[in-house]
Amino acid sequence: MQKSSKEGYIFILPSLLTLVAIVIFPTLFLWYVSLTNYDLSMGWEQKSFVGLRNFSFLFFEDKDFWYSLRISLLFMGVTVSLEFVLGLGVALLFHRHLRGKRVWMSLLMLPMVITPTIISLIWKLMLNTEYGVLNFIISQLGLGKVNWLGVREVFWSLILVDVWEWMPFVALILYAGMQSLPQEPYEAAIVDGASPGQVFFYLTLPLLKPMIVIALLLRSIDALKMFDVVYGLTQGGPGNATELMSLHIYRLGFRHTNWIGRASANAVILLFLSTFLTTILLRVLRREQGRGV
Amino acid sequence: MPLARTRNIWKEVLITVLVIIVVVACVFPFFWMVLTSVKTRVQAINPSVWIFRPTLENYRAVFQKRDLFLYIKNSVIVVSVTTAISIFLGTLAAYGLARFRFPRKEDIAFWVLSLRMLPPMAVVIPFFLLGRFLGLLDTHILLAIVYLSFNIPFTIWMLRGFIEEIPLEIEEAALIDGCSRLSVLRRIVFPLTLPGIAATAIFCVIQSWNEFALAFFLTSFNARTVPTTVTFFLSVMGIIWGEMAAVGVVASVPVLLFAFIVQKYLVRGLTFGAIKS
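Just so you know, the protein sequences line up as chains A and B, in that order. Heads up, the first sequence is in our numbering, so the first residue is 1 and it goes up one at a time. Heads up, the second sequence is in our numbering, so the first residue is 1001 and it goes up one at a time.
In isolation and in its complexed conformation, chain B is listed as follows:
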C-alpha cells in the first residue's frame, strides 16, 4: 500500500510539471513580447535583462510616430461593417436552414461552408483587379465586402446550430396566434438566440481583425488595418524591437479580451459549429 501511494504522488508531480511546461510554452512568447514592449532601446536587444524599471516610451512612439490610431480606426470601421452585415444576412439564412425543409438544402448549406475554407491568396487577385476597375482599392467598404466571403458562411453555420437548439413549440404557438414569420424571427428567435448571436459576432470580429493577406493587397494607405503594421518591421536591420513589441501588444489586447468572453464557445467557433462542446 505505501508503495502504491508513493507511486501516486510521483504521478501527481509528473502531471503537474507537464501541465506547467505546456502552459509556460503557450504563454511565454506573449509574455516576452509584453516584457520587451516596456524595455528601453538598449535593454530590448539584451535578452538577459528580465527585471528592470518599465518604460512606456515605446507605446508613446508607436502612437505618435507611426500613427497607430489610424490603423486602429480603419480596423474598427471595417470590422464593424462586415460583422453587422454578416450577422443580419446570416441570421436570416440560418433561420431558413434551421426551420424549413426544401430541395437540396444540405447541398446548399455545405457549399456555403466550403467557401469559408478558400485560400486568401487564391481569391486576392480577382478582388484586386475588380477593386481596381471599380476604383475601390484602398477603401474600407471594399475590405468589409470582401470579408463577407468568410464571415457570412461562418455566421450561417454558427447560428443555424444555435437556432436548432431552441424548442420549436414557442415558435409554433406564435405562428398559430397569427404572427408572421418575420415577427417570429424578430420577437422570439432573435431574443432567445441572443447569446449565440453575440458569440458569433465576436468571432466575426476576431477573424476580421486578424485578417492580413486581403488587407495587405487591397489597401495601400487610407484603409490600412492593424495586421498590416507588420510591414513596418520586415527588414531585420534597424528594427526598433521595443516598438515592434508595443505594436504587437496593442493589436493583441482587443482580441484577447474578446476571446476571453467567448471562450466557452471557442471549440464550436473554431470548427464553425461542427463540434459543440
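Pulled out of the complex, with its shape left as it was, chain A reads as follows:
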C-alpha cells in the first residue's frame, strides 16, 4: 500500500495549488511592495521602486520600530515564561486523583477558546479603574486602586490577560504529556528511594521535555504575532506603550499615515522573525514524530 508512487501527488495537488495561490503569491507580492514607496493616497501606477529605503527608514529613523521590536520580544519572553511556570504547576496539580476532574478541566479551556476580541472586551470590563471589578476586589482587601490601563501599568496588564488566556493551554499540553509518561522509571525510582523532588527534576522534567518545547514554541510564535487582543484592549496605546510589532505595522500602513511600503517592510521583518521560530518548532516536531529530517 505504502508503495512509492507518484499517485500521491494527485491527492495533494489541489491543496498545494490553492496554498501557492493564496499564500506564496501574496507573500512574494508583499516583498515587492516592501521595495516601493507605495502609499494608500496615491494611485498604484504612481509608486516607484526605492530599493531598501523602507528598511533603512525602519532601522535608522523610526525609533518606534525599535521600541515595538523590544516590547514584542519582552512580551514574548515574559508571557511564555510565566505561562510555562504556572502551566507546569497547574498540570502537576491536576495530575492526580481528583473528584470532578473532568468538569474542572473543561472549565480550564474556557479562556483559550473564547474569541480573542471578546477577551479584550471582558478585560476592559475587569480592568477599568473606576468601574472595574478588579479594583473593587482589591479595595475590598484594603489595597489602593491600580490604574491598570495607564502608561506605566498597561504593558503588564496585557501580560496578565495573555497569561490568563494561554496558561491553561500550556497546562493542558503538559498534563496530557504527564498522563502518557511510562510507569517503569517511576517504579524504579521509588525502589531506589528517590525523593519527590528528585523524581520531578531528574525524571518528570526530562521525560516531558519534548512536550514543553513544543508548547513553548507554539506560545512564542503566537505571542510574537499578537494583534487582536491588544487592538481590542488598547489599540497599542496609551501613546505607543503597547505597540507590539503587529500594531506598529498597522499604524504605519493603515492609521494616520498610509505608508504601505514601509508597513510592508516591517511585515517582512515580522515574517522573518516568525519563520525563524517556526523553523525551530518544525525541526522539533519532525524529530519527535520520527519522520526523518
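No lab work stands behind these hints: they were computed from the structure. Here the structure is a predicted model, which is why all the values come from computation and not from measurement. Yeah, the Cβ is synthetic: ideal placement off N, Cα and C, and Gly gets one too. Be aware that one or more of the hints could be misleading.
Unchecked claim - Now the in silico label distances, taken between C-beta atoms and shown as ranges:
| no. | chain 1 | residue 1 | chain 2 | residue 2 | range |
| --- | --- | --- | --- | --- | --- |
| 1 | A | Val213 | B | Ile1015 | 40 to 50 angstroms |
| 2 | A | Val103 | B | Pro1191 | 43 to 53 angstroms |
| 3 | B | Glu1164 | A | Glu45 | 47 to 57 angstroms |
| 4 | B | Glu1164 | A | Tyr9 | 17 to 27 angstroms |
| 5 | B | Glu1165 | A | Gly150 | 29 to 39 angstroms |
| 6 | A | Leu141 | B | Leu1018 | 28 to 38 angstroms |
| 7 | A | Leu17 | B | Met1237 | 48 to 58 angstroms |
| 8 | B | Phe1133 | A | Leu107 | 40 to 50 angstroms |
| 9 | A | Leu205 | B | Val1017 | 19 to 29 angstroms |
Let chain A serve as the given structure and place chain B on it in line with the hints.
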C-alpha cells in the same frame, strides 16, 4: 500514624483550595461578563452590585440598535464556506500523505504546516491590495478564501493523523476487490474517519469564527464578522458596558458549545495533531 494522617488531610485541603483558585481564576472573567450583560446601565458601572434582578434590555439593544444579526449572518457564511472547502481539499491531501510514499513527502507536509503559523499582520497587506485590485474587498468570498490559508494546513495535519490511525487491511481488501482509490476514500476512509473529520471541521469553525485581524482589514460594512464588533467599544468614553458584555456573550456561546463537543480532541487540535492525547 495519626500524624501522617493529619498531614494527608492538610495536603488534601491545600490541593482542593488550589484547584478551586485555578478554576475560579479561569472562569470568573467570563462569569463577570455574563453578569454585566444582564445589568441595567446604572448597575453595570457599579462593581459592588452582585445580586440583582436581571434584565434582557442589553440583548434587545444589541440586536436592534447594532444589528448584531448581520454580523452573525456574515460570520456563518464565511465560516461555512471556508470550512467546507478546507475539509474537502484537506481530506484528499491528508489521504495522499497518509497512504502514499513519494519523494520529498515530509518536506511538503512540514512546509504546509509552517503556513499555519503565518502572522496575520504580515499577510494582510498583500491580501488587502490584491483584494482591492480584484474588487473583492468587503465580500464574504474574499474572507473565506483568505481563511483557507490557515484552515487547509490545519485540516491536512489533523486528518492525516486520523487516517493513519485506521488499519490498512480494510482498504487493501477493497483495492484488491477492484475498488478505485477515490471510491476507497469515499466508501471506507471517509466513514471510518467521520468522527475525526467532524472534530476537525469544528476546529475550523472555531478558529475562523474567532479570527479578527484579516476580517478587520478586508471588510468594511457588508461582510463584517462578529469579532469586528469590538470596534463599537474602542473608546472608553461613553461605552455602554452592559451592551458590550451582551455582545461578548452572544459571540462566545457558539464557540463554547462547539469547544465542549470537541474537548476530547482539544490538545490534539491546538497542536494540529502533533500531540495526541
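Results for each hint:
1. A hinted range of 40 to 50 angstroms is violated for the C-beta pair Val213/A and Ile1015/B, which are about 28 angstroms apart.
2. Take Val103/A and Pro1191/B: their Cβ atoms lie about 32 angstroms apart, and the range 43 to 53 angstroms is violated.
3. Between Glu1164/B and Glu45/A the beta carbons are some 51 angstroms apart, a value that agrees with the proposed interval 47 to 57 angstroms.
4. Taking 17 to 27 angstroms as the suggested C-beta distance range, the pair Glu1164/B and Tyr9/A conforms, at roughly 19 angstroms.
5. Between Glu1165/B and Gly150/A, the C-beta spacing of about 52 angstroms breaks the proposed range 29 to 39 angstroms.
6. Remark: the range hint 28 to 38 angstroms for Leu141/A to Leu1018/B is contradicted by a beta-carbon distance near 19 angstroms.
7. A hinted range of 48 to 58 angstroms for the beta carbons of Leu17/A and Met1237/B is consistent with their spacing of about 50 angstroms.
8. The hinted window of 40 to 50 angstroms between Phe1133/B and Leu107/A holds, with their beta carbons roughly 47 angstroms apart.
9. For Leu205/A paired with Val1017/B, a C-beta distance near 25 angstroms keeps the hint of 19 to 29 angstroms intact.
The structure shown violates the earlier hints numbered 1, 2, 5 and 6.
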